[in-house]
Structures are given as structure tokens and as C-alpha cells.
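In order, the protein sequence lines correspond to chains A and B.
For what it's worth, the numbering used here labels the leading residue of the first sequence as 1, then goes sequentially.
For what it's worth, the numbering used here labels the leading residue of the second sequence as 1, then goes sequentially.
It is worth saying that the hints were derived from the structure and are not from the lab.
Possibly wrong hints are sitting among the right ones.
[Claimed, not checked] So these bits of chain A aren't anywhere near chain B, every CB distance computed over 10 Å:
#  : residue
1  : R4
2  : R5
3  : E20
4  : P25
5  : Y45
6  : E56
7  : G59
8  : Q64
9  : T66
10 : E102
11 : G183
[Stated by the list, open to error] Sample of chain A residues facing chain B (criterion: CB under 10 Å; computed from the structure):
#  : residue
12 : V62
13 : V157
14 : R162
15 : E169
Quick reminder that beta carbons are idealized off the backbone N, C-alpha and C, glycines included.
Number of protein chains: 2
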Amino acid sequence: MTVRRRSNPLALAVIGLLYERPMHPYEMAATLRERRKEESIKLNYGSLYSVVQSLEKQGLIVTQETRKDGRRPERTVYGLTERGRVELLDWLSELVSIPAREFTQFEAALSLMPYLGPDQALRMLLERARRLETELVGSQAVLEQAGEVKLPRLMVVEYEYRLALRRTELGFVNALIRDIADGSLEGIDAWRRLHDSLEAGTRPDIEGEVRSWNAGRPS
Amino acid sequence: MTVRRRSNPLALAVIGLLYERPMHPYEMAATLRERRKEESIKLNYGSLYSVVQSLEKQGLIVTQETRKDGRRPERTVYGLTERGRVELLDWLSELVSIPAREFTQFEAALSLMPYLGPDQALRMLLERARRLETELVGSQAVLEQAGEVKLPRLMVVEYEYRLALRRTELGFVNALIRDIADGSLEGIDAWRRLHDSLEAGTRPDIEGEVRSWNAGRPS
DNA sequence: CTCGAAATACTCGAAGTCGAGTACTCGATC
DNA sequence: GATCGAGTACTCGACTTCGAGTATTTCGAG
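Could you build the full structure based on these sequences and the hints that come with them?
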């Protein structure tokens, strides 16, 4: 049950909450939800309880009391240890200071896009652009509203960050759409050939088209 | 062993390769590596073999032959079924057309940054900016080199995408650094107060500072 | 020709993720 | 005054991910 050390940011959030005050897991979930941290940190009950267990095993948190209020299920209240406090600052510092490699779905999709063929790809990219625009309009509204309520920007930076990334994504998608639509994307002819021969079931000379790729880059 | 349907993009890559021609798992790994898909799709042996197993269970791929060449370990060659072909185009279309919600490490870190205090946060953000710059220079060089080798842009879009995101990230981080450094970040005073009282071990009135947040946003 | 490094082709078990399910309580509603 | 939904507080097990380990073979340098 040992958390693969520093893998799940939910563990970091747990440590953070216990830095504020002792809590039981359900309360942690409720607090994270109230503060809208759920939107930035994946949270589900199964993971929460196993993450808490593993933090205890690592000696970063300890059971403070196990109470039975009335006939409710037991609540186990946890507190932070000294080592936990150190881990919080250390882990968080690392997360902020060292860019991690993330594998996004869309990056994977782009790298496999050749299988789709230019026409289908174009349709799907247009659809994505539409959805991104809708999402952006909504997010912008939320942010503006937060501003009106005098919510300190500090509490909203993660939201701004996501928004900035999405805007860039939309720009990228739109540029790609243009290049496919007007045929200016380099390699689009080879793309169509490849796709057609795949659909026809004949084995295309992918290796031939791709060889320059392999040769052209250092290992 | 059933792959949580459409979760791991590696499964999609496997289907794609079998769309080209029958292969055994080890060869898939080698091919993905050769084509540099590893950089966009997380690949490791354990996952590969279990993903392949589960695709077979789902009837998207089938065992074609189990050969023992010389005294090498057995190789099981798989082929794509009709349902597999459909799944490839369907899944890939979905991935391209529907933006997925991704939880990045940095977004989590930003949402927990208050625990760090403004001074430490500033130091760590500066460090991140430095590292991002280094990474960007390297990536740009790789892309330019690819261009010189006449690598079709189609084969490089995923790389361009990642680069665009990183550039945006750097811009965001630099802006944040400026705002913290010159004190223009809204809420920075409350931030310092909060952090100091946390360090002192007194329980700060986080709820008080945060309440407006809760009140100010629709559920 | 022979020794070691690299490649071939996986296996295995420990750990982590996920979310539906459980079992109770409380307050409001009809 | 019974019920119904929302909240409280977790549990469970199926499924996934991970990567070090294994056993063999090939290849090139000396």
C-alpha cells in the first residue's frame, strides 16, 4: 500500500490539510470540495482512503483518535507528523520548481492522427475547436465573476493556468485546421496516399515514408 | 484484465500498429520506439502486455500464431479484427474531437501553492522558469533539425503542440513571478499572514479568508 | 574463438486507481 | 408519523500500472 512515493498529488493535498488542523478523511474530501480543489486535484473516495493509509505507513501522518459519535460509522482523525511537515514543503517545492513530463490524451491523439486520414481528421479538429471555444467562454465567465466577488487572485491562479493552456490549444488547433484545409500542411499528399492504401487493406510502405524520420533524429 | 475501456492510449497505439500489419508485442514496442511515439505515449512492458491481453479479451485483436524461432522465447503474433478496426477510428476520432479534462501536476501544485509562502514560492517559480527555458531551447533545436531533414510536418505536430503548451506555461510562470515580485498579486498580504501563522503553529483563520470563495461561486 | 554487452521476448508480484455499494442518520414533507 | 432524499463515513474488489527481473541469443572487439 505504500504510495509510489510522490505520485498522487491527492496525498500532497491531504498533508496540506493536516498542516492546517487534524481531520478525518471524509472531512478532507468535503473541505477539498468546498474549496474547489477537486477541479485541480483528482479526488475519489477509494484513492483518498488508500492514500491516507499509505501516508500513515510512511510515518507522515498519525492516527489521533478514533471516535464513534452516536451510531455513525467510526471516524479516524489524523494529524501531521514532523516528517510530514517537511515532506509537504519539500514535495510542493519540487512540484513547483521542476516541470514534469505529462502525457496528455490529445498529444497521443495527434501522434496517431495519421490513421484517420486528412478529411476525417479535419472534421474532428473542427469539432474540437467548437468545444474548446464553448469551454473557454464558460471559464472566462467564471473567472470574471470570481473577480467581482473580490476573490484574491492567489486563490484562482490554477484556474488561470488551465485557461491559458486551453487558449493555446485552441490556437494550435485552429492553425492546424487552416493548414489542412488549404492543403499547406507539409506531407498531406503522402498522408492521403497512406490512408487510402490502409483502408484498401494493402500494406502501405510506411517504413519508407517514415525512414527519414528515424534517420533524421539523434537517438 | 479488461482495459477500463478507452483509458490507456497505449491500447490505441497497439490497435494502430496492427492496422498496419500483424505483430508481436515486443515488435510493437520496438516500432513505437523507432518512430518516437514513446515521447507522446507512455510505454512500458508490463502495461503493454496486459493491454494486449485485454484487447484480445475484448475481441479487438486475435492471436494469429505462436512461434518459437530457434530457442528464443515464444512470440505471439496478433492481428486486428473488424471490430478492432472500427474501434481504432472511433476511439481516435473521440480523442481528437472531445477535449478531455487532464489533471496536471503543476495545476495541483499551483492550487496548493499557498502552503509555501510567497518567498519560497517565488524562488521555486524562478527555478521552474529557468528549467522551462532550457527545455524550450532544446525542443526548438530538435524541431528545426527535423525541418532540415525534410521531415513532413504531419509527423511532428504532436511535438509542436507540446512546445506551444510549454511556451504558454513559461509565459504564465513569468507573469506570476513578476506579480509576486512587485507585490501586485492580489491577496499577497493575506498570503504572507496565513503562511506565517501556519509556520508558527497557530491555527489560522483560513475559513475566514476563504469563505468569500465558497460563497462567490455557483455550485 | 571467446567474453561481455546489447538485444530479444517476456513474466511476475506489489502497489495503485476507481467508483459503485453499504449502512446509518437527520430533517423536511406529505 | 412514515418516508424520502440528502448527507455522513467509509469498504470492497475488480481492474491497472509499474518496472525490476529472467533467460536466452546474437554480435563485435580483442
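Each hint, compared with the structure:
Even its closest Cβ contact with chain B, about 13 Å, leaves R4/A beyond 10 Å, as expected for a residue assigned away from the interface. Against chain B, the non-interface label of R5/A holds: every CB pair exceeds 10 Å, the least being about 14 Å. At roughly 6 Å, the least C-beta separation between E20/A and chain B is not larger than 10 Å, which violates its mark as non-interface. The Cβ of P25/A sits about 18 Å from the closest Cβ of chain B, beyond the 10 Å cut-off, so the non-interface label holds.
No Cβ of chain B comes within 10 Å of the Cβ of Y45/A; the nearest lies about 17 Å off, and the non-interface call holds. At roughly 20 Å from the closest C-beta of chain B, the C-beta of E56/A stays outside 10 Å, upholding its exclusion from the interface. Residue-level check passed: G59/A sits 20 Å from the nearest beta carbon of chain B, beyond 10 Å. Chain B leaves Q64/A outside its interface by the beta-carbon criterion, the shortest separation being 15 Å against a cut-off of 10 Å.
The claim that T66/A is not at the interface with chain B holds, since no C-beta of that chain comes within 10 Å of its own (minimum 22 Å). Chain B draws E102/A into its interface by the beta-carbon criterion, the shortest separation being 5 Å against a cut-off of 10 Å. Listed as outside the interface, G183/A is consistent with that label: its C-beta sits roughly 12 Å from the nearest C-beta of chain B, beyond the 10 Å cut-off. The interface hint given for V62/A is broken, as the beta carbon of that residue sits about 16 Å from the closest beta carbon of chain B, more than 10 Å.
Contact between V157/A and chain B, as hinted, is supported at the beta carbon level, the nearest pair being about 5 Å apart and thus within 10 Å. With its C-beta approaching chain B no nearer than about 6 Å, R162/A sits inside the 10 Å limit, and its interface hint holds. The beta carbon of E169/A is positioned within 10 Å of a beta carbon in chain B (closest approach about 7 Å), and the interface hint is therefore held.
Hints 3, 10, 12, counting from the list given before, are not met by this structure.
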